[in-house]
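Student: In the numbering used here, each residue carries its 1-based index in the sequence shown increased by 115.
Hints may be right or wrong, so weigh each one.
Here are the simulated distance ranges between beta carbons [unchecked claim]:
1) L133 / M155: 31 to 39 Å
2) R185 / P154: 39 to 47 Å
3) A125 / A202: 25 to 33 Å
4) A142 / A202: 14 to 22 Å
5) P208 / N157: 32 to 40 Å
6) R159 / E205: 40 to 48 Å
7) R159 / R251: 34 to 42 Å
FYI, nobody ran anything at the bench for these hints, they're computed from the structure.
The structure displayed is predicted, hence computed values, not measured ones.
Even glycine gets a Cβ: it sits at the ideal position worked out from N, Cα and C.
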Amino acid sequence: MKPPPFEYAAPGSIPEALELLREEPEATTLLAGGQSLIPMLNMRMAQPQLVVDLNRVQGLDAIERTPDGRLRIGSMVRQRRLETEPAVRERLPLMTQAARHIAHLPIRSRGTVGGSLAHADPAAELPATVAALNGRLLV
């Protein structure tokens with residue numbers, strides 16, 4: 116199948132992305148890794164007027180240690196990095212183990228943390244792992 120027609124925007128900053136989202140929030144869909152959205156578009160289960168691609172937004176793909184020793188994992192961090200990033204393996208071994216069970220390697224290489232959480236699949240590994248680790252989500 117083919118996706119429905121839509122407009123496409125690829126902002127480079129968080130303020131630009133938020134401005135696009137503010138214009139028509141109900142008619143706008145965010146694209147992260149596309150592992151869920153692209154099939155939904157192709158099957159016409161999603162029919163947004165605008166797709167905002169977050170892949171060029173600076174700073175969303177960072178994994179950082181906070182001053183209190185916690186890890187801040189950006190929404191555009193690829194699921195594969197949860198397996199390979201030394202800081203995650205050291206501080207959150209459960210997250211590393213859970214990430215190994217997310218789909219197949221090619222999916223993990225494209226899928227994002229934020230995309231998985233936003234998709235809200237009740238069978239997904241990341242929401243349960245975040246809850247088990249007493250993690251916090253900043254929306």
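Student: State for each hint whether it applies.
Tutor: Against the structure, the hints come out as follows:
1. L133 / M155: 31 to 39 Å: 23 Å, violated
2. R185 / P154: 39 to 47 Å: 34 Å, violated
3. A125 / A202: 25 to 33 Å: 28 Å, holds
4. A142 / A202: 14 to 22 Å: 38 Å, violated
5. P208 / N157: 32 to 40 Å: 37 Å, holds
6. R159 / E205: 40 to 48 Å: Because 44 Å falls inside the window, the suggested range holds.
7. R159 / R251: 34 to 42 Å: Holds: the Cβ-Cβ distance is about 35 Å, inside 34 to 42 Å.
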